[in-house]
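The primary structure of each chain is shown beneath.
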Amino acid sequence: MIELGIAALWAARVACVFAIVAALVVALGVRPGDRRWVDASRRAIYALCALLTVCVIVIEAAFARSDFSFRLVAEHSSTTTPTGYKLTALWGSQGGSLLLWAWVLSIASSAVLFLTRHRHREVVPWATAVLGGLGLFFTMLMLVGTQANPFAELDPAPAEGAGLNPLLRHWAMAIHPPMLYSGYVFFSIPFAFAIGALAARRVDASWIRSTRRFALIAWTFLGIGLLLGSLWSYEELGWGGYWGWDAVENAALMPWLAGTAFLHSIMVQEKRGMLKVWNVSLVVATFALALVGTFLVRSGILQSIHAFGDSTVGPYLLVLIGVVVIGSAALIISRLDLLRSERRIESLISRESVFLVNNLLLVGMIGVIFWGTFFPLISEAVTGEKSSLGPVWFDRYTAPLAILLVLFTGIGPLLAWRRISAGRLWQLVRWPLVAAVVATAAVVVLTDALEHPLALVLFAFAFFALAALAAEFWRGASAQSSLTGRSFASALARVVARNRRRYGGYIVHAGVAILFIAVAASSSFQTSRDLRMVPGDSVQVEDYTVTYVEPTAAIDSEEQKLTFGAVLRVERDGEHVTTLHPSRNYYSTNAGDPTAGPLRGFFEGEATSEIGRRAGITEDLWTAMRPDFAPLDRAIEAADRKLLKTLPEVGPEGPTPEQIEAMRSFADRQGEAIGRFASVYLATPLPVDFRVNVNPFVIWLWVGGAIGVGGALIALWPTPDARRRRVSDVYAARLARDLGRA
Amino acid sequence: MEFLLAALLIILLAWFVAAPLRGGEAEAAPASADEDPAVADLEARKEAKYREIRDAELDREQGKLSEADWARIDAELRQEAIEILKELDRVKGGAGD
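Sequence order for the protein chains is G and R.
Read in my numbering, the first sequence has 16 at position 16, and its numbers run on one by one without any break.
Read in my numbering, the second sequence has 29 at position 29, and its numbers run on one by one without any break.
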């Protein structure tokens with residue numbers, strides 16, 4: 001099947017070239033207004049999508065069949081990899097990731113070009129050329145070395161593959177990369193249309209209308225990706241947190257923040273005809289930051305726990321980022337005369353003013369994160385020494401900005417467009433203010449929040465935001481109820497259904513406020529203890545008495561996984577609360593090369609933590625463990641020496657039948673040695689390092705995130721054409737009557 | 001077999017992509033007024049304006065705008081909407097010529 005994949009990939013490149021040429025034939029005026037070429041270019045993008053779908057099917061089939069003649073499969077899967085993870089191993093590799101990027105791009109491009117096939121006659125050819133160019137870039141990138149080529153072949157094919165990186169064997173990791181990539185890729189749609197609008201000199205709001213939904217889809221995907229990534233970090237990395245200001249985490253957060261700013265500021269352009277330069281700059285920045293995210297994951301230029309790629313495509317991505325930024329900037333500057341605002345802000349107390357402040361805060365945050373993320377490279381360039389900035393630095397500068405953002409999350413929805421009188425504003429804010437003061441006072445009385453002033457301020461602002469949003473829903477439903485005589489619940493459902501963008505946005509704001517409460521509570525009030533215990537030891541962590549009852553061990557010969565665990569009994573005031581089972585998985589990283597140490601090989605590669613966790617709505621009790629094998633070092637070395645003596649040396653002509661038999665015996669003895677080692681672990685009271693955390697309200701981070709995603713889906717839900725038409729007609733009739741009176 | 005499958009796929013897609021170009025001479029004129037960029041622009045502005053009017057009404061219903069403020073804003077918005085509708089009629093009439 002490898003030839004089919006290679007042929008499809010080459011045909012995909014040809015389709016991209018054709019799409020670009022056909023689109024430019026019209027855009028550059030060679031065949032002005034010739035719809036046949038526009039149609040052909042659009043069809044070429046559909047063909048690109050079909051061909052890349054074939055590529056993905058071919059590779060997924062190879063993973064499912066464990067066809068190790070595909071280098072990609074041999075390096076990232078094995079016969080023992082669980083089937084579900086075999087199918088998701090595609091994006092664990094560089095070639096697979098690039099294919100996923102190009103494939104999702106082709107799907108998004110096809111969708112937007114289908115939806116706009118009867119619109120934007122002047123903009124679409126340019127946008128098609130941009131999307132085709134991006135498709136060509138990513139399909140050509142797969143030619144850069146064997147790591148990037150998803151169809152690189154191994155001849156002869158090995159009998160067994162290396163298996164999937166153990167860290168990626170987590171359900172969230174199966175979904176997280178495609179979500180992030182979809183987020184990155186979908187931002188290419190508003191970018192392409194913005195470039196098209198600038199190139200065609202059609203910089204009105206119509207390109208925004210057609211691509212706003214794609215920007216929101218991108219923002220939602222990226223948000224889900226970030227949430228899943230933080231959950232994976234919390235459950236799999238064993239350090240006790242969900243966000244470490246790691247370079248790759250930051251790289252995904254920056255385009256999300258820029259996308260957040262863009263989604264707000266395009267409303268100002270749609271409604272008020274303002275911020276045109278800002279909007280095209282933001283969409284370029286968002287897409288460029290999405291490319292930076294891909295670059296950081298795939299280039300290996302910065303150290304990251306999340307970067308799983310080898311560095312072969314970094315320089316090319318850097319060139320693309322340069323072209324995007326410099327080319328777009330030049331285009332924007334050349335169109336400045338068309339990008340003048342149609343109006344000015346009428347009042348500082350208006351929704352557009354708050355959106356502007358919110359944009360500045362978001363961009364400020366991006367600036368801080370960008371500086372902190374790239375500081376190792378900046379410091380190396382200036383001083384010759386690579387030094388990095390840690391979470392304390394990031395927290396110091398982002399926390400105040402985040403606190404202000406939360407405040408404006410509540411203020412924005414209260415204000416009307418254009419202007420609102422001070423008296424009217426006071427009427428709107430007074431009850432949310434009272435609610436926030438009461439809730440904050442309760443927090444001060446019930447907790448030691450006064451010792452964490454920043455967290456306390458954030459709580460106060462978040463309470464205000466939640467109260468303000470609740471008041472918005474209450475006012476909307478009450479007004480609807482009094483107008484139509486419906487019940488409150490029915491009126492609420494109706495007002496949300498009729499104003500999905502507005503109320504969907506409010507729900508997103510509520511989710512964000514809850515998320516920030518969780519972040520502030522779990523980071524400021526966390527208790528973390530690093531403990532070294534042997535079986536029978538007990539320690540006190542906050543109100544909990546944690547007792548290390550006994551060690552556990554398990555061998556999974558299919559996955560070649562050795563699991564050492566611990567049973568922890570947790571009591572509070574003498575009452576049994578829960579029993580936790582943290583463990584650590586070790587994988588044979590040298591399956592194909594046992595001479596590296598048949599027993600030690602298990603402890604030298606990637607290990608994964610399975611945390612012991614008791615999740616609750618007020619706090620999480622979180623534990624991770626790491627056994628200390630130092631006392632058994634000599635025994636491991638002796639066992640390795642003994643085993644290696646029995647391993648036959650195979651000549652270049654291949655193993656003889658006797659050697660094959662000896663290798664089988666070696667594998668049996670290796671299994672026995674591992675089994676004995678597991679027994680020793682169980683019988684010997686080895687010291688184990690535990691981390692025990694009490695994380696308040698941490699679960700609300702994902703609950704808030706899920707609420708936000710729900711709100712985004714409501715905002716995304718399309719308004720039926722028929723309904724829109726009816727409303728339009730009603731207004732047209734009313735306007736006609738007004739005209740008649742005039 | 002694999003080669004034939006790949007060749008068949010590529011031929012089919014090439015036929016599909018080139019189909020519009022096999023239709024004879026270019027039809028340079030837009031098919032309908034709706035595809036006119038000026039109409040698309042005006043339609044986008046009209047929809048945005050209608051949304052503004054509805055938002056202003058919602059803001060009044062919710063007490064964010066006083067009656068006086070709403071009346072002033074609503075009148076402005078309606079006037080702007082009327083201008084857009086007039087322009088739309090003019091452009092659509094012109095496009096149909």
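Since the hints were made in silico from the structure, they are not lab data.
The beta carbon of each residue, even a glycine, is placed where N, CA and C say it ideally should be.
One should not assume that every hint holds.
In silico DSS-like pairs for lysine-lysine, Cα to Cα no more than 27 Å straight-line [unchecked claim]: (1) 86/R - 46/R; (2) 46/R - 92/R; (3) 561/G - 645/G; (4) 386/G - 271/G; (5) 46/R - 271/G; (6) 86/R - 642/G; (7) 92/R - 271/G.
Which chain G residues stay away from chain R? Per the calculated CB distances, all over 12 Å, these [unchecked claim]: (8) 45; (9) 477; (10) 614.
A few chain G residues that face chain R, going by a derived Cβ cut-off under 10 Å, partial list only [said to hold, decoys possible]: (11) 3; (12) 14; (13) 15; (14) 41; (15) 170; (16) 171; (17) 172; (18) 175; (19) 202; (20) 572; (21) 575; (22) 576.
A quick look at each hint next to the structure:
A distance of roughly 11 Å separates the Cα atoms of residue 86/R and residue 46/R; the hinted pair therefore holds under the 27 Å criterion. Restraint check for residue 46/R and residue 92/R: the C-alpha separation of about 14 Å stays at or below 27 Å, so the hint holds. Taking the CA atoms of residue 561/G and residue 645/G, the gap is near 24 Å; set against the 27 Å cutoff, the hint holds. About 47 Å separates the Cα atoms of residue 386/G and residue 271/G, which puts this hinted pair outside 27 Å; it is violated.
Between the alpha carbons of residue 46/R and residue 271/G the distance comes to roughly 10 Å, so the proposed pair stays at or under 27 Å and holds. For the suggested pair residue 86/R and residue 642/G, the alpha carbons sit about 92 Å apart, so the restraint of at most 27 Å is broken. For the hint pairing residue 92/R with residue 271/G, the CA-to-CA distance comes to about 23 Å; that is within 27 Å, so the pair holds. Remark: the non-interface label on residue 45/G conflicts with the geometry, its nearest Cβ contact in chain R lying 9 Å away (cut-off 12 Å).
Under the 12 Å C-beta cut-off, the non-interface status given to residue 477/G relative to chain R is violated; the minimum distance is some 10 Å. Taking the minimum C-beta to C-beta distance to chain R, about 43 Å, the non-interface status of residue 614/G holds against the 12 Å cut. Interface hint status for residue 3/G: upheld, as the beta-carbon distance to the closest one in chain R is roughly 5 Å, under 10 Å. Interface restraint check: residue 14/G against chain R, minimum CB-CB distance 9 Å, threshold 10 Å, status holds.
Proximity of residue 15/G to chain R holds as hinted, the smallest CB-CB distance being about 7 Å (cut-off 10 Å). Because the closest C-beta pair between residue 41/G and chain R is about 9 Å apart, less than 10 Å, the hint holds. The beta carbon of residue 170/G is not positioned within 10 Å of any beta carbon in chain R (closest approach about 36 Å), and the interface hint is therefore violated. Because the closest C-beta pair between residue 171/G and chain R is about 34 Å apart, greater than 10 Å, the hint is violated.
Interface restraint check for residue 172/G: the shortest CB-CB distance to chain R comes to about 35 Å, outside 10 Å, so the restraint is violated. For residue 175/G, the shortest C-beta to C-beta distance to chain R is roughly 30 Å, which exceeds 10 Å, and the interface hint is violated. At its closest, the beta carbon of residue 202/G sits 6 Å from a beta carbon of chain R; the interface hint therefore holds under the 10 Å criterion. For the restraint placing residue 572/G at the interface with chain R, the shortest Cβ-Cβ distance is roughly 47 Å, beyond the 10 Å limit, so the hint is violated.
The restraint placing residue 575/G at the interface with chain R is violated, with a minimum CB-CB distance near 50 Å, outside the 10 Å limit. This hint is violated: residue 576/G has a C-beta 52 Å from the nearest C-beta of chain R, more than the 10 Å allowed.
Violated hints, listed in ascending order, are 4, 6, 8, 9, 15, 16, 17, 18, 20, 21 and 22; each of the other numbered hints is respected by the structure.
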